[in-house]
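Chains as they are written, first to last, in the working numbering: chain A, 1 to 194; chain B, 1 to 172.
It is worth saying that the hints were derived from the structure and are not from the lab.
Treat each hint with caution, since some may be false.
Residues from chain A that face chain B, not an exhaustive set, calculated with beta carbons under 10 Å [to be verified]:
| no. | residue |
| --- | --- |
| 1 | Arg24 |
| 2 | Val98 |
| 3 | Leu102 |
| 4 | Ala134 |
| 5 | Asp137 |
| 6 | Ala156 |
| 7 | Ile186 |
| 8 | Met190 |
| 9 | Glu191 |
Okay, derived cross-link-like pairs now, EDC-like style, lysine to aspartate or glutamate, Cα gap no bigger than 20 Å in a straight line [to be verified]:
| no. | chain 1 | residue 1 | chain 2 | residue 2 |
| --- | --- | --- | --- | --- |
| 10 | A | Lys25 | B | Glu147 |
| 11 | A | Lys25 | B | Asp32 |
| 12 | B | Lys4 | B | Asp32 |
| 13 | B | Lys137 | A | Glu59 |
| 14 | B | Lys137 | B | Glu147 |
| 15 | A | Lys88 | B | Glu49 |
| 16 | B | Lys158 | B | Glu133 |
The structure displayed is predicted, hence computed values, not measured ones.
Glycine is no exception: its CB is placed at the ideal position from the N, C-alpha and C atoms.
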Amino acid sequence: MTFNNQPKNIEEPANLDQVMDSLRKLDVRNRKLMQGMYIVYVVFALIYTGLLILNPDPELTLNHRLQGGMYVLIFGMSAIYFRYHFRKNKSVDYSAPVLEMLTAARKRHKLWTAGTVGFIIAMVGLTDIVVTWAMLDDKFLSDYSQIIRILIIQSAYFLTMGISFLIGYITWRRKSMPLVHNLTRIIEEMEQGE
Amino acid sequence: MNSKDKQYKQIIEENQSRIRSVCRYYAGTSDDSEDLYQEILINVWRGLEKFRGDSQLSTWVYRIAVNTALSFVNKKNKYLNFNTYLDDGKAANLVGEDWEESIVHEKQLELMSNLINQLSVVDKIIMSLVLEELSSKEISEIVGITESNVRVKIHRIKEELREKVKGGQYDI
């Protein structure tokens, strides 16, 4: 005998169907985002490499070329990072136990992981060095002393980084945080009694 | 036909009924069931190279089927129905031997199905595997929790169902 019953607890926050639906959509969105970022960084890395090697401008000093090299390094590392996460996101292991699959999904959507923190610190630090180095020579700050110039550059740079982080955090809080909370509840329920 | 093709064909032939059962539990309509079935077949094919023989083949297939089913989105309704296929034998297996003595009618079976649908999602996953008559060990390998925890959960769920069925909580 067959019964087709409508679930009564459809509005529960930890409804797995709802969680999996959100998870699938977010995974697709993140894959597209990571692929897009990968392409952007590869293009930038290629353009900067081209400029670095081919630019015949006689005013380009060794410093300029070294700064260009650092940009290529930053773009290249970013491209590798996004490519790695794109591939990782794409290959969901359906043959893993349910708990393992859900735990991996939660990890994918957490705001901070050791790898992400390391990557962000490295990129923000490297970019800060190269931007500061490049802008110190810039003419529009030439009226100020070196200390003031550094302070202006650092303030502008970290303000930009702060705003970018805030936008990223708000987006994560709106889209991924409820999913992470729901996955945590389901995982905790599964692990109860372990 | 290469060896992967042969292995795949054999796995599907041997596990077709298991995959179909999972589809019946998780898909609301026959069309959805067919879509889900196709998706499971694709994931079995994709996962074939990762199968190392650490668990039984049937357990591995169940894992893929359940994980795919959980990820499956019913395109017409946003939420998947969880369908229980109960007969007196299965119902008795859930609430105890005195099932047949006290209640054997369709309404009671429907009540039991409703009760299962009110369980938490984790409990539903476990019950779907219990209804498939899988052992605690197999269920633990599919869900990823310890065997003793599976037994504790099954015991608790059965107690809850038994209480609700016998306690006159619902008009039958």
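Evaluated hints:
no.: 1; hint: Arg24; in the structure: holds, 6 Å
no.: 2; hint: Val98; in the structure: holds, 5 Å
no.: 3; hint: Leu102; in the structure: holds, 8 Å
no.: 4; hint: Ala134; in the structure: violated, 47 Å
no.: 5; hint: Asp137; in the structure: violated, 53 Å
no.: 6; hint: Ala156; in the structure: violated, 44 Å
no.: 7; hint: Ile186; in the structure: holds, 6 Å
no.: 8; hint: Met190; in the structure: holds, 5 Å
no.: 9; hint: Glu191; in the structure: holds, 7 Å
no.: 10; hint: Lys25/A / Glu147/B; in the structure: violated, 33 Å
no.: 11; hint: Lys25/A / Asp32/B; in the structure: holds, 19 Å
no.: 12; hint: Lys4/B / Asp32/B; in the structure: violated, 28 Å
no.: 13; hint: Lys137/B / Glu59/A; in the structure: violated, 73 Å
no.: 14; hint: Lys137/B / Glu147/B; in the structure: holds, 5 Å
no.: 15; hint: Lys88/A / Glu49/B; in the structure: holds, 17 Å
no.: 16; hint: Lys158/B / Glu133/B; in the structure: holds, 14 Å
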